[in-house]
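Chains as they are written, first to last, in the working numbering: chain A, 1 to 617; chain B, 1 to 173; chain C, 1 to 101; chain D, 1 to 523; chain E, 1 to 497.
You may find that some hints are simply not true.
Said to hold, decoys possible - Pairs of lysine to aspartate or glutamate, DMTMM-like flavour, derived with a Cα cap of 25 angstroms:
#, chain 1, residue 1, chain 2, residue 2
1, D, Lys114, D, Asp480
2, A, Lys157, A, Glu108
3, A, Lys190, A, Glu59
4, A, Lys28, D, Glu315
5, D, Lys384, A, Asp107
6, E, Lys34, C, Glu95
7, A, Lys27, D, Asp480
8, A, Lys157, A, Glu359
9, B, Lys164, E, Glu35
10, B, Lys165, E, Asp29
11, C, Lys100, E, Glu100
12, B, Lys135, B, Glu146
13, A, Lys513, A, Glu566
14, A, Lys513, A, Glu359
15, D, Lys484, D, Asp25
16, A, Lys190, D, Asp480
17, E, Lys34, E, Glu100
18, C, Lys100, E, Glu363
19, A, Lys25, D, Asp25
20, A, Lys157, D, Glu315
No wet-lab data here; the hints were simulated from the structure.
Given next are the chains, with one letter for each unit.
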Amino acid sequence: MMNLAWVVPLFPLCSFALLLLFGRKWKKASAYVGIVATLLSLLAALGVLAGRLGGTTYEANWTWMQIGDVTLTAGFSVTALNAWMLVVVAFVSWLVHIYSQGYMAGDERFSTFYAYLGLFTFAMLGLVLSPNLLQAYIFWELVGLGSFLLIGFYFYKEEAKAAAKKAFIMTRIGDVGFFIGMLLLFWQTKSFDYDDIFRAVGDGTLSPGMTTLTAILIFIGAIGKSGQFPLHTWLPDAMEGPTPVSALIHAATMVAAGVYLVAALFPLYEASEAAMMTVAVIGGVTAIFAATIGLVQTDIKRVLAYSTISQLGYMMLALGSGSYVAAIFHLTTHAFFKALLFLAAGSVIHAVHTQNIEEMGGLWRRLPWTAPLFLVGALSISGVPLFAGFFSKDEILAAAWLNGSVELFWLAVAAALLTSFYMFRLFFLVFTGEARHDGDAHEAPMSMVGPMVVLGVLSVASGYIQTPWFGSFLGEWLTDGAYHHEAAPGWIAVVATIVSLVGILLAWLMYGKRTVPRDWLSARAPHGYELLRRHYYVDDFYRWTVVALVSFISRLLAYVDRYLVEGIVRLVTGTVSAAASAGSRGQNGQAQTYGAVTVAGLAILVVIFALTGGYWL
Amino acid sequence: MSGTDIAFFLLALAAIAGGVTMLQLTNVVHMVIALVMTFLGIAGLYVLLSAEFVAVVQVLIYSGAITIIMLFAIMLTRHHADDKERQTTGGVWHRAVAAISVLAFGLAVYFGIRRLDFGADGSALAADNAREIGKWLYSYYTIPFEIVSVILLVALIGAIVLAKKDGKGAEDK
Amino acid sequence: MTLSAYLALALILFCIGLYGALTKRNTVIVLICIELMLNAVNINFVAFAKYGAHPGVHGHVFALFAIAIAAAEAAVGLAALIAFYRNRKTVQVDEANSLKH
Amino acid sequence: MSFLSLLVFSPLLGIILLAFVRRTDTKTIQWLGTAATVPPLLLALFAFIRSGSGFRLEQLDESYDWVRLANLPFFTDAAYVIRYELGIDGLSLLFIVLTAVLGTLAAVASLLIKVEKKGYFMWLLALEIGMLGVFAAANFIWFFLFLEVTLVAMFLLVGKWGGFERERAAYGYLLYNGLGSALLLVVIAVLVARTGTANFALLHETLHNPVAEGQLIAPLTAEARYWLLGGLLLAFAVKLPAVPLHRWLVRVHVEAPPPVVMLHAGVLLKIATYGMIRFGIGLFPDEFRAFAGAIAVLGVINILYGALLALRQRELKHVLAYSSVSHMGVVLVGLGALNEAGIQGAVFQSVAHGLIAALSFLLVGVLANRIGTTDIHRLGGLAKAMPIFSGYLLTAALALLGLPGLAGFVGELTAFLGLFETKPALAAAGALGLIFAAVYSLRAILDITFGHTRERYESTLGLRGAKESAASVSEPRVIDLQAKEAVPAFVLVALIVAVGVYPQLLAEPLATVLETMMNGLGG
Amino acid sequence: MNDVWQANWSMMTPEWIVLAAAIVLLLIDLVMPKERSRRPLAWGAAAGAVLALIATAAMIPADPVSILHDTFRLDGFAKAFKLILLAGGALALLLVAEWEPKEGSHYRGEFAYMMLFALLGAMMTASSGDLLTLFVSIELLTVSSYVLAGLRKTATASNEAALKYVINGGIATAIMLFGMSYVFGLTGTTNLGDIARELQETNEPYMLALAFLLLLIGVSFKLATVPFHMWAPDVYEGAPVPATAFFSVVSKTAGFVLLLRLFVTIFAAAPAEGRDPSSLLLSMQPVITVLAGLTMIIGNVVALRQRSLKRLLAYSSIAHAGYLLAGFAAMSWAMIDSLWIYLLAYVFMNIGAFAIVAHIVNETGSDDLAGLAGLYRHRPLLAAALGLFLLSLAGIPGTAGFIAKFYLFIGLVVTEPGHYVLATVMAVTTVVSYVYYFNLLVQLFFRPASLAPLRRLPAGLSTAVVLCALGTLAIGWVPDLAYDVLAQFGHFGDFLP
């Protein structure tokens with residue numbers, strides 16, 4: 001089965017191609033093409049996973065391009081990590097395909113949407129299967145393309161246009177880091193293959209400095225794609241895309257690609273203390289940073305987006321702390337509960353036609369399926385014990401503690417507190433209290449509810465693949481059994497639990513019971529509040545620094561181009577034409593002037609000759 | 001200082017004086033007359049140089065023929081000629097450039113010729129150089145001689161073509 | 001009398017002729033100045049015929065040819081001048097300036 | 001007639017036939033003009049496919065006596081014999097195929113030309129002959145001869161069929177390229193004069209063989225070789241164009257008729273790549289080393305300069321023009337790397353940019369034809385009215401910004417791969433251009449196709465729609481890409497994808513050429 | 001005296017033919033009734049030139065001949081350049097046949113035989129190995145040219161042209177003759193070979209150099225190169241078009257013939273004080289180089305501003321003289337060869353261009369370049385032919401102009417050290433010339449057509465245009481046609497007496 005792993009991404013690609021060509025004709029039926037294709041992918045992925053359970057790996061390569069003696073290859077490999085990722089991706093993708101059938105119904109570009117979904121799924125699966133950095137980079141960018149197309153799906157909205165452009169460009173900035181790192185690595189190791197790179201790391205071919213440099217450069221790519229600080233600003237804006245897209249791309253899969261990349265290159269990172277430190281610090285900072293912004297957002301999807309950023313920060317923190325397993329574990333659980341949350345949010349939006357939480361409220365009864373499922377997701381992400389998020393977050397906190405980075409540990413704990421607070425702020429504002437919107441809100445159709453139910457189940461169940469109580473299945477699987485669970489101090493779990501419960505309580509006091517006034521923060525620290533509401537002015541900072549600088553330079557160059565470069569050309573042509581008119585004016589029609597010029601010429605020649613004694617030049 | 005030297009100086013003086021006078025005069029006819037002096041001086045020099053035949057030709061052609069046709073041309077075209085009219089062209093710059101160039105050129109050449117000497121005294125030149133010239137013309141220089149005849153033909157026709165007033169009848173055609 | 005004296009005289013006359021040809025306004029005088037230049041050259045030839053590297057009468061021949069050609073040129077030049085005069089009613093060379101630039 | 005001559009001169013038949021068609025019979029002219037570009041296409045593809053299956057391209061060499069410049073007793077018989085020589089290798093073959101493909105597509109796209117179609121096609125075919133000849137020539141004189149054919153043809157095509165400032169653009173083209181050619185001619189003259197041959201292979205041999213060195217007609221000192229190479233590089237830098245010699249390109253891109261720009265940006269600029277590789281590296285490998293650093297720096301400057309200027313333009317054609325400057329910088333980067341990857345990258349980038357630029361200008365032509373403007377600020381939301389067109393335009397933008405899976409990426413990857421081996425810091429600076437490329441291409445294309453429909457041109461759309469059905473003024477209708485326009489666009493996209501997905505397609509013919517070249521470079 | 005009778009006069013057949021034709025035509029013109037058209041005279045003159053051309057071609061294989069102490073030489077050089085002169089003369093005479101005098105004047109039979117006389121002078125220049133003969137021959141050409149320039153008697157421009165030509169020509173003659181007098185004085189002989197031998201032992205290098213400069217300036221009048229180039233535009237503009245064509249081709253060729261004959265023979269081996277003491281010519285190379293460079297620059301740059309076709313072609317001919325002078329300045333082994341090829345190409349492309357300009361002037365009465373506007377519309381073939389000539393003049397490959405110019409380039413860079421600066425100047429000024437040549441193309445092909453279509457080309461002009469176009473194309477695409485002819489002359493091994 002594993003030698004057929006390449007078919008996994010092929011199905012969505014076919015779906016993309018077919019829908020691009022015939023989608024306009026098929027209209028509604030397009031959905032089924034997409035759903036079937038992803039289902040087939042999922043089945044194939046499961047087959048690969050099953051094969052992988054047998055404990056073997058598989059790798060196949062074909063020549064992609066030859067450069068002299070160097071052969072660049074394309075192929076696929078099956079490792080524990082990517083077999084697992086295949087399933088997660090294919091699964092979430094399949095669910096989103098199903099969900100979209102309901103959510104996107106009635107859109108005139110319905111088939112286009114499915115085509116784009118197919119393209120994205122293909123790219124994501126391709127990325128996961130890549131056995132070498134170059135191929136990973138190719139799919140990495142294609143994933144970005146899929147994301148770009150889907151964010152800009154409502155192309156006629158200026159905001160969507162801007163968001164799509166921003167997403168592409170911000171991630172591109174990261175990608176260039178990846179690109180540079182990749183090419184540097186190539187000349188150090190003479191290969192793009194992960195295995196060759198790891199070998200070079202192992203036998204010291206790669207100098208420590210270069211290891212750190214390339215690792216950090218590649219990590220910049222991960223920062224861009226995973227929305228880590230400081231390249232995170234595109235992710236909230238990306239919420240302009242249709243909600244299923246947010247669920248699939250900006251929660252479960254693409255943004256996790258950064259985490260996956262670092263995980264896939266983990267031996268490279270492990271070899272460099274500095275790189276690990278960078279990853280951990282960026283992750284930790286992002287976790288708390290995004291969480292604070294999430295506190296004050298009023299757009300339901302933006303809150304979720306900042307929460308995603310924050311959670312991805314957790315994963316990075318885990319990686320940086322050396323716990324590769326914790327990262328992947330959290331990636332998995334997060335994929336499920338965040339997808340659930342987004343889909344539920346989509347369902348809410350579908351019902352009330354607004355994304356502003358101030359205009360929602362009291363939806364608990366109106367949305368009998370969505371509301372509890374959202375609650376499950378919220379509990380899971382908040383790390384309430386027995387939900388999946390609890391286990392994975394606990395694992396990360398433990399990893400951070402065990403790694404000795406106490407500051408980062410407490411940062412993560414603080415972030416956990418904030419997480420549970422803003423999630424329940426959201427919950428209470430949306431589902432409890434009085435309705436602040438007009439019109440009817442109806443529960444979504446079954447095609448939307450169904451996937452949410454499945455995800456709801458998984459948001460609880462996926463936690464049990466790696467628990468301190470039942471055993472660390474995931475860890476052993478990912479490390480081929482080498483994994484052994486380091487016993488974290490028991491108090492960490494307790495602290496985590498308390499923290500999450502405190503967060504929920506605070507949210508309840510403020511938004512549920514309203515004993516604490518809502519403008520508590522804004523009244524007490526208006527500047528701080530504004531700071532958060534404006535996302536720490538990061539966007540503005542970029543606008544006034546990077547964008548302004550580039551704009552200034554390009555304006556400067558435009559002047560250089562128009563006046564200096566063209567000016568020199570003008571000067572030359574002007575000189576020639578002035579010489580022409582001078583020469584023409586000198587031709588004054590006087591025969592004797594002509595003679596005089598001649599005689600003057602003769603005299604000059606003769607005099608020069610007489611004076612220099614014949615030694616010319 | 002021998003007699004020839006004195007003769008040379010006188011003749012040279014006459015020639016140069018004629019030229020310089022020509023440059024100074026304002027009346028065109030006077031200018032031509034002044035140049036006749038130069039031409040005659042040159043003819044005298046030819047005699048000093050034992051070139052009697054050339055001297056004769058010089059007198060006939062330059063002092064005679066050419067001067068006459070020049071005078072004719074002046075008369076023919078002298079409808080509104082005014083002696084007070086400006087006799088030199090261009091502005092100061094033009095004349096200055098011309099003068100400086102000519103002067104510089106003259107000096108540079110003079111630098112070369114001031115002590116040019118081949119040590120020949122030219123005594124070999126036969127007294128009857130007309131015969132000698134004839135011999136050269138009809139043997140060695142036959143071809144250029146013929147060409148010159150063609151040139152004179154061309155000049156003849158050309159002068160007629162250019163100077164002749166086209167008859168009314170011809171123009172009507 | 002030495003060669004260089006004759007050559008110097010020729011040079012002076014040549015320069016006078018040249019200056020006159022470049023500055024005199026009346027075309028007839030310009031032409032006659034050119035004649036003067038040619039005459040100066042003839043002095044050279046005749047002087048070289050007597051005092052040159054290989055004295056001989058062929059110097060005279062050269063001078064005679066030069067005279068003939070000078071005459072031909074003078075004739076054609078005057079004819080051109082008369083044609084010009086017929087159309088423009090002037091003999092001033094600086095008024096022959098309709099062709100320029 | 002032999003194969004290569006047939007390939008190069010087959011459009012001549014079209015020119016001759018066209019001469020007999022009535023001026024007003026535009027249908028026949030379009031048909032004939034397009035058909036005339038097909039034989040070279042078929043022949044080129046035939047050669048390409050055959051070469052893939054082990055056919056040795058040397059067998060196609062042709063050589064006939066043409067002129068014997070000097071027949072002095074102290075020269076050998078072979079000296080100063082200039083022959084009519086054509087010959088190709090993998091490198092030329094790639095460019096010939098590119099030319100032939102774009103030639104046909106440009107002829108198809110010339111549907112949009114409305115005036116003086118007869119003359120237009122005659123010169124277009126002449127241009128194609130010139131371009132094919134440039135790549136097929138095996139000797140310097142004939143290379144130059146064909147090069148000047150393109151110069152004259154382009155001058156007329158731009159000057160007569162271009163936009164408002166067409167004559168200025170044509171003169172700009174003429175002067176810059178004329179100067180480049182003139183410089184090239186001096187270099188050619190020196191080489192021919194001092195070696196007595198114009199044949200590439202013989203020149204190569206003579207210049208590298210120390211025994212032959214003594215047989216030179218006049219010596220070529222080491223210093224002279226640097227000057228010669230400098231002259232060559234400068235000449236081709238004008239044609240590339242390298243900053244700051246790029247102003248003509250901008251004007252030509254804007255003013256020339258779009259099908260002509262397809263050929264201009266698609267092929268003519270690539271003559272510079274070809275020339276730099278064939279003559280620069282081919283004839284003066286040792287001297288090239290000394291220039292490599294400067295070339296690489298210039299390449300990076302080109303990339304950034306072009307990209308930063310493209311950011312500011314409000315005219316789509318200007319954006320594309322500066323993007324051409326930027327993309328040709330990648331070629332320089334590859335050459336400056338002076339390793340296999342770099343050279344291969346330069347070639348790849350040339351081919352890729354050829355295809356992409358052709359696609360862009362095909363679409364620009366359609367846009368100008370439909371809306372009457374290509375001003376970004378006056379456009380917007382076009383995806384609604386012209387979804388298929390917008391899709392192609394978006395593809396073009398993605399290709400421009402070097403999206404993997406499309407041709408542009410392969411070129412940039414290989415070129416930068418090359419430079420990262422030799423000058424990593426410089427390469428990293430150049431890689432920043434990738435970001436700007438994304439910014440300018442997305443800005444331009446998204447502003448045209450995405451967002452609100454701008455009021456300013458809504459009336460245009462409405463007006464056009466009104467002509468068809470008076471009732472539907474409220475819903476503006478513009479004709480989307482039609483089949484005859486979509487076909488060339490689709491072919492180009494297909495090629496761009498093909499090259500992007502499987503670059504080995506291009507790498508294979510290049511392999512032997514590169515090997516020879518690397519031997520010349522001493523490993 | 002015996003020499004005269006024993007000389008091999010048959011070697012002068014071409015000259016005899018031309019002279020006889022001229023005399024016969026002159027007599028016919030005299031006796032012909034006044035009202036009869038004189039046009040057939042021009043055809044007769046052209047026939048005479050063609051006959052002479054055939055006679056010259058027939059003599060190509062003959063051994064070099066010298067008559068009367070080299071006053072007439074028939075070596076490879078003479079034959080080669082006579083071919084060009086006669087071809088140019090014949091083509092110019094075709095233009096004469098279709099000359100349309102304007103402004104109330106009438107067609108003049110003198111035109112034809114005056115041109116033959118001028119041609120005779122040019123031919124004799126090519127054939128002379130004697131200073132005096134050279135002088136007299138070139139004067140025959142010059143004096144005839146004065147008359148040709150003034151033939152449009154009723155037109156002020158033509159009178160003025162003749163007058164300016166005479167004045168400047170007179171000054172040039174005097175300067176040249178002054179130089180010749182010193183050469184004669186230093187050597188005491190007029191035979192070029194003897195002069196060269198005498199000069200090798202001269203101890204007056206300074207005077208010799210002065211003589212060199214005087215001769216150079218004198219000759220530069222005939223070549224119309226800097227500094228004696230300024231008369232050319234005025235005279236070219238004022239003279240009748242066929243005469244202008246003749247001046248720009250035949251006179252210029254004769255000038256270069258004179259240049260080669262005089263300078264190469266006399267000064268190549270003369271001692272000097274300069275950088276190359278063994279050769280005055282080589283040590284004066286920088287002077288010629290500078291003059292050539294200036295000529296190219298001035299000719300091409302000033303041409304940019306011209307609106308009159310004749311004037312534009314005048315400046316272009318100055319520029320071409322510059323290219324040729326550069327070829328001379330290089331002094332490579334290819335010097336004479338490359339000048340010959342260039343002049344041959346120049347005959348075809350320039351007379352072709354003038355033929356069409358003549359038609360435009362005949363038809364529109366003006367030579368403003370707007371007269372070309374839209375020619376392509378009405379007369380596509382004519383426009384194409386003019387386009388070809390212009391491209392050739394610009395030196396675009398595929399035309400004679402390119403082959404010729406390329407050979408000049410070879411000559412410039414093959415020497416050691418090479419004349420790279422001069423080559424670059426030549427290349428750059430060529431590009432400058434693109435502007436004005438292509439400006440004419442713009443008129444031809446881009447501008448809207450004028451209202452009245454031109455009449456068809458008359459027989460003489462169309463013959464000239466066809467022949468010139470064929471020549472331009474043939475040399476451009478099959479250069480061996482020209483090079484094979486050139487090879488017949490054995491690369492002028494018998495040039496030096």
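A quick look at each hint next to the structure:
1. D/Lys114 with D/Asp480: Judged against 25 angstroms, a Cα distance of about 20 angstroms means the pair holds.
2. A/Lys157 with A/Glu108: Holds, at roughly 15 angstroms.
3. A/Lys190 with A/Glu59: holds (19 angstroms)
4. A/Lys28 with D/Glu315: violated (39 angstroms)
5. D/Lys384 with A/Asp107: Since the Cα atoms of D/Lys384 and A/Asp107 sit roughly 13 angstroms apart, the hinted pair holds (cutoff 25 angstroms).
6. E/Lys34 with C/Glu95: Violated: E/Lys34 and C/Glu95 sit about 35 angstroms apart, past 25 angstroms.
7. A/Lys27 with D/Asp480: holds (20 angstroms)
8. A/Lys157 with A/Glu359: Measuring from Cα to Cα gives roughly 22 angstroms; hence the hint holds.
9. B/Lys164 with E/Glu35: holds (18 angstroms)
10. B/Lys165 with E/Asp29: The given pair, whose Cα atoms are some 18 angstroms apart, holds under the 25 angstroms limit.
11. C/Lys100 with E/Glu100: holds (24 angstroms)
12. B/Lys135 with B/Glu146: Satisfied, since the Cα-Cα distance of roughly 15 angstroms is no more than 25 angstroms.
13. A/Lys513 with A/Glu566: Roughly 70 angstroms separates the two Cα atoms, so the pair is violated.
14. A/Lys513 with A/Glu359: holds (18 angstroms)
15. D/Lys484 with D/Asp25: Roughly 19 angstroms separates the two Cα atoms, so the pair holds.
16. A/Lys190 with D/Asp480: violated (48 angstroms)
17. E/Lys34 with E/Glu100: It holds: about 18 angstroms lies between the C-alpha atoms, which stays within 25 angstroms.
18. C/Lys100 with E/Glu363: With Cα atoms ~24 angstroms apart, C/Lys100 and E/Glu363 stay inside 25 angstroms; holds.
19. A/Lys25 with D/Asp25: violated (39 angstroms)
20. A/Lys157 with D/Glu315: holds (22 angstroms)
Checked against the numbered hints above, the structure violates hints 4, 6, 13, 16, 19; every other hint is satisfied.
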